[in-house]
Amino acid sequence: MIAAIPSSTLLGVEGYSVSVEVHVSNGLPGCTIVGLPDSGCREARDRVRAAMLTSDLDWPMRRITINLAPSHVRKIGTAFDLSIAVGLLVAQGKLDVERIKGIGFLGELGLDGKIRSVEGIIPLVDAIDASDVVVPPDCVNQASLVAGKRVRAARTLGELVKLLSEDDNADVMWTLPSPVADGLISRISEEDLADVRGQPLGRWALEVAAAGGHNLLFVGPPGAGKTMLAKRLPGLLADLDPQTAMQTTRIHSAAGLLPLAAQLVVRPPFRAPHHTSSPASIIGGGSGRVKPGEASLAHGGVLFLDEMAEFPRSVLDTLRQPLEEGVLRLGRAGLTLTFPTRFLLVGSTNPCPCGEAMEHSRCRCGPNERARYLGKLSGPLLDRFDLRVPIYRPKVGELFAKNNGERSSDVAQRVALARAIAMERAGKCNAQLTAAELDEHAPLHNEATKFLSDQLSRGLITARGVARLRRVARTLADLSQEDSLLTLEHVCAARELRQDTTLGTAAA
Amino acid sequence: MSAQMTPEDSMHACAAALAALPKIGPARLSRLLRDADPVTAWAKLREGHLPFDHSDFDMRDVPIPRDLLNLWKEAARNTDPNELLLRYKRQNVKILTRYTEYPNRLTLDEYAPSVLFALGDLDLLHLPTVGIVGTRRCSRPGRQIAEHFGRQIANVGIAVVSGLAAGIDGAAHRGVLEAPFGVGPIGVVGSGLDMPYPAHHTELWRDVATKGLLLSETPLGQRPHGWRFPARNRIIAALSDVLVVGESHERGGSLITVDEAIARNVLVMAIPGSILQSSSVGSNNLLRDGVPPACSPQDVIDEVRCASAARIAMLEHHVTDADADRTQVESSASHQSTSVFHAQLSPKPMNDAERTVAAALSSEPITMDELLMRSGMSLGELSVTLRRLEAHGCVMQDEGWWWLVREQS
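For the record, the sequence lines run as chains L and S.
Anchor point for the first sequence: position 432 equals 432 in my numbering, and the numbering is continuous, going up by one each time.
Anchor point for the second sequence: position 373 equals 881 in my numbering, and the numbering is continuous, going up by one each time.
Calculated from the structure, these hints are not laboratory results.
Hints should not be assumed to be uniformly reliable.
Claimed, not checked - Calculated pairs, EDC-like style, for lysine to aspartate or glutamate (alpha carbon to alpha carbon, straight line, at most 16 Å): (1) 552(S) <-> 582(S); (2) 395(L) <-> 878(S); (3) 395(L) <-> 872(S).
To be verified - Now the stretches of chain S that chain L is said to cover, found in silico as 3 or more residues with beta-carbon under 8 Å: (4) 656-664; (5) 695-708; (6) 891-899.
Computed from a predicted structure; not experimentally measured.
Think of the CB as a built atom: it goes at the ideal place given N, C-alpha and C, for glycine as much as any other residue.
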C-alpha cells in the first residue's frame with residue numbers, strides 16, 4: 001500500500017512543499033528513505049521506529065520505501081518524522097485515508113513518542129500543501145501567525161493517532177494547549193538617546209538616518225561614542241508594518257532565532273556582527289542547510305558594522321548587492337535562493353590605524369598607512385553612505401553636564417512624522433528616491449542650485465554626490481515639516497552631514 | 509667618448525661614483541677627498557689603496573677597515589664613472605665638489621658635504637636665506653602659519669631653505685611658491701634627486717626643482733635611509749642666515765637642525781605656539797631658553813638683513829644689483845600682499861548670525877560639534893553662516909576644525 005502525506009522542508013528562508021510517500025510491500029524487511037535526505041532525515045527511520053513501538057503501534061516487518069518528493073531537491077531537518085509515522089500507519093491501513101485528507105504534518109518524534117518542536121516553523125507551515133497542519137505543541141503560537149492555515153497540535157504520537165481514529169465528524173476540535181497569555185512580542189531592551197552626552201552632530205545624524213532611511217557612517221577616534229550612538233538608532237525607528245513584520249519573522253524563524261514563546265517580530269532588528277565574522281555568516285550560506293546571514297536577519301532593521309575597516313574586503317564587497325537591490329541571491333546546487341535584505345546600514349570606523357587623525361597633530365600614521373586603512377572602504381561601499389559624520393571625543397565638561405539630551409521617544413515622534421510625510425509624497429522613504437523622483441519631489445531653491453553647481457564645478461562633489469545630498473536635504477525639510485523648495489540651509493546642512501575631509505579622499 | 513670629457517667632467521664623474529660606493533657616508537667621503545681630488549682618489553681605490561698616507565692617521569678620523577676597502581675596490585672595478593656621469597647630465601643634475609664649482613657659503617664649514625648634487629638655479633645660493641623647519645606632525649594653524657611665513661619672506665627676495673618633509677617644511681615651501689614676487693625656494697633632501705620622498709610631495713619636488721633649487725648629498729637612485737635626514741639637517745643649517753622653527757614637538761628632527769645652527773653661529777628663531785598644543789612644546793621650549801621669537805614674518809626679515817650682511821662681509825662677496833631691486837620690491841609688496849592675515853578688505857557689516865558664530869570662535873580650532881553647542885544654532889543656519897564667514901576671510905577651517913582668523917566689527 002502507498003500513502004502520501006503533505007509536509008515541507010526549508011530552503012533558505014522559504015519553505016518548500018514536500019510530499020512524503022510511504023510504500024509498504026513484500027520482500028526482505030528493511031526501510032530506506034530516498035529523495036536526497038540529509039543525515040537528520042535519514043535518522044528519522046530509527047526515531048520513528050522507536051517512537052511507534054513505544055506508543056504501542058506496529059512497525060511493519062516488510063519492505064518499506066519512503067520517498068520525499070520531489071526527489072531532486074535536498075531535504076533537511078527532522079520535521080518529517082511525524083509525516084513518516086502517519087504515512088506508515090496509513091500504508092498499513094491502521095489510519096483511514098479519508099480522515100487525514102487535507103492535513104499536513106510537521107514535527108520531530110522523541111523515542112518516547114513525544115512530538116518535539118522544529119526550527120523554522122513559520123515558513124514550513126506557509127509552504128505546506130494542505131489547509132490543516134498538525135504542529136508540535138510548542139510551535140503553535142508561531143504557526144498560528146501564518147494566514148490561511150488551521151493549526152492543530154497533539155502532544156504525543158499516541159494521542160495524535162487516537163484523535164485521528166475517532167469516528168467523529170470532520171470538525172472535531174482537538175485540545176489546543178492554552179495560548180501563552182499576551183504572546184510575548186520580540187522586544188530587545190532598546191537603549192535611550194538621552195544617555196548620550198553632547199554629540200549634537202551625532203544625535204542629529206541618527207534622527208536624519210531614521211527619518212529618511214539613509215545609510216550612516218560614523219568616523220572618529222576610539223572612545224568617541226560611535227558604538228553608543230549606533231545602538232540608539234533602533235529606538236528611533238517605528239514598529240514594522242505588517243508585511244515587513246511577517247517577512248522578518250519568517251527569516252528569524254528560519255534561522256532558529258525566534259524563542260518559542262515569541263510571536264511576531266514587531267521591533268526593527270538590530271544586528272551587529274563582529275569584524276571577524278566569516279562571509280558566510282554575514283550573507284548567509286553553509287552547505288546542506290542554507291541559513292540566512294546577518295544581512296538577512298537585519299531585514300527591516302539595522303545592520304551595524306562596528307570597526308568597518310577591520311572587516312575583510314571580501315565581506316564588505318558582498319554587501320553591495322543587498323544594499324543596491326534589497327535582496328541577496330545565493331546559488332546552491334542548481335537552485336538560486338533569494339533572501340530579502342532591506343536594512344539600514346550603519347558603520348563606524350577610526351580615521352586611521354592609530355585612531356588619532358582627527359585630533360590635533362597626534363596621529364602617528366604615515367600617509368601610506370592611512371591610505372591603506374581606509375582603502376578598504378573606498379569606492380562603491382563608501383558611496384552608499386548618504387551620511388558620513390565625524391564623531392569627536394567629548395570634552396570632560398560635556399560628560400558631566402546636567403542637562404541630558406532628548407529622550408528617544410521624543411525624537412522617534414519627529415521621525416515617525418517625517419517618515420509619514422515622505423511615504424505620502426512618494427510611497428517610499430527618501431533614501432530610495434530615484435533621480436527622476438528627486439526632480440519631482442525635491443525641487444531646489446535657486447540659491448541651493450547655485451551652491452551645488454559651484455561645488456560641482458570646483459570638483460568638491462560628484463554628480464552622484466549631488467543626488468545623495470538632495471535626498472538628505474529632502475529628509476531635513478521633512479523633519480522641520482517644510483514642504484516648499486529645498487533651501488540653501490537644507491543643502492548646506494546636508495553637506496555638513498556628508499563629510500570627506502576626515503577620510504582624506506577626494507570622492508564626495 | 510672620453511675625448512669629449514673635460515677635466516671638470518672627469519672630476520664630476522669620479523665624485524659621483526665615489527658618492528655611490530656602498531657603505532659610504534659624508535664622513536668617509538670627506539676623508540677620501542681631503543687630500544686627493546676625485547679622479548686620483550678613484551684611481552687609488554680601484555687598486556685597493558687608500559688615497560692618503562697611513563702615517564696621516566688621526567685619532568679623530570673615521571676608520572676605514574680593510575674589508576671595506578676591498579668592497580670598494582670591487583665596486584670601483586665594476587663601475588664606469590663616465591657612464592654614471594651621463595645619467596646625471598641627462599637629468600640636468602649638477603655635481604658640486606670642492607675641486608670644481610662649489611657654493612661659497614659652505615667653503616668655510618667644517619662638516620660641509622664634499623660632494624653635493626644640485627637641480628635648479630644655483631644663483632639662489634647667493635641670496636640671503638632663511639631656513640624654515642618643523643615637525644611632520646604639525647597642527648592645522650601651524651601649517652597655515654608656515655605657509656604665510658614662507659610666502660611673505662620669499663616675497664621680499666629672501667630664499668627659503670627647507671627639507672621638503674611633510675608638515676611644516678612642505679607648508680613653508682608651498683607658501684614660497686605662491687608668493688607673487690617671490691624668489692624660488694631651496695630644498696635640501698635626504699634621498700636621491702630623482703626619488704621624491706614622501707610620495708605625496710612629488711609635485712612639490714618638481715615645482716621646487718623647476719622654480720628654485722633642489723640639493724642633496726645622496727646620489728641619484730638612492731632612497732632615503734634614516735640617517736640621511738639628520739645629515740641633511742646640517743646642510744639646511746649651514747645654508748641659512750637665519751633659522752626659523754615653525755613647530756616642534758618636545759623631541760624632533762628640527763631640534764637637531766637647531767643644534768647644527770647654533771654650532772655654526774646661525775641665528776635661531778622660533779614661532780610661538782599655543783601652550784595647549786603638543787606640536788608647539790619644543791618650539792616654545794626654545795623660546796623659554798632664550799631664542800628670539802618670530803611673531804611675524806617681518807621679525808625674521810629684519811634679522812636676515814643683519815645676518816646676511818655679516819656673512820657677505822665675511823666672504824667678501826659683492827652685493828649685486830639684485831639687492832637694490834629687492835628693497836624696492838619690498839616696500840610695494842607689503843601693500844599688495846594677498847595674505848589673509850593682512851587683507852585690506854572693506855569690513856562688511858555682520859548680521860546677527862555671523863556675529864553669534866564669530867563670538868563662539870577663537871584662535872583655537874574647535875569642531876562643528878562644539879560650535880553647534882556654543883552657538884545654539886541649527887545645523888543648516890550654522891553651515892551657511894560659516895561658509896559666508898569663510899568667504900570673507902574671517903574664519904578658516906581645516907579638516908573639520910574651525911577657528912577665527914580676524915576680529916571684525
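Structure-based check of each hint:
A distance of roughly 12 Å separates the Cα atoms of residue 552(S) and residue 582(S); the hinted pair therefore holds under the 16 Å criterion. Restraint check for residue 395(L) and residue 878(S): the C-alpha separation of about 9 Å stays at or below 16 Å, so the hint holds. Among the hinted pairs, residue 395(L) with residue 872(S) is consistent with the structure: their alpha-carbon atoms are about 15 Å apart, no more than 16 Å. For the stretch 656-664 of chain S, the stated coverage by chain L is not satisfied: 0 residues place a CB nearer than 8 Å to a CB of that chain, which falls below the threshold of 3.
Counting residues of the stretch 695-708 of chain S whose C-beta lies closer than 8 Å to any C-beta of chain L gives 3; at least three are required, and the coverage claim holds. Residues of the stretch 891-899 of chain S with a Cβ under 8 Å from some Cβ of chain L number 3, which satisfies the need for three, so the listed coverage holds.
Figure legend: structure checked against the earlier numbered hints; the only hint not met is number 4.
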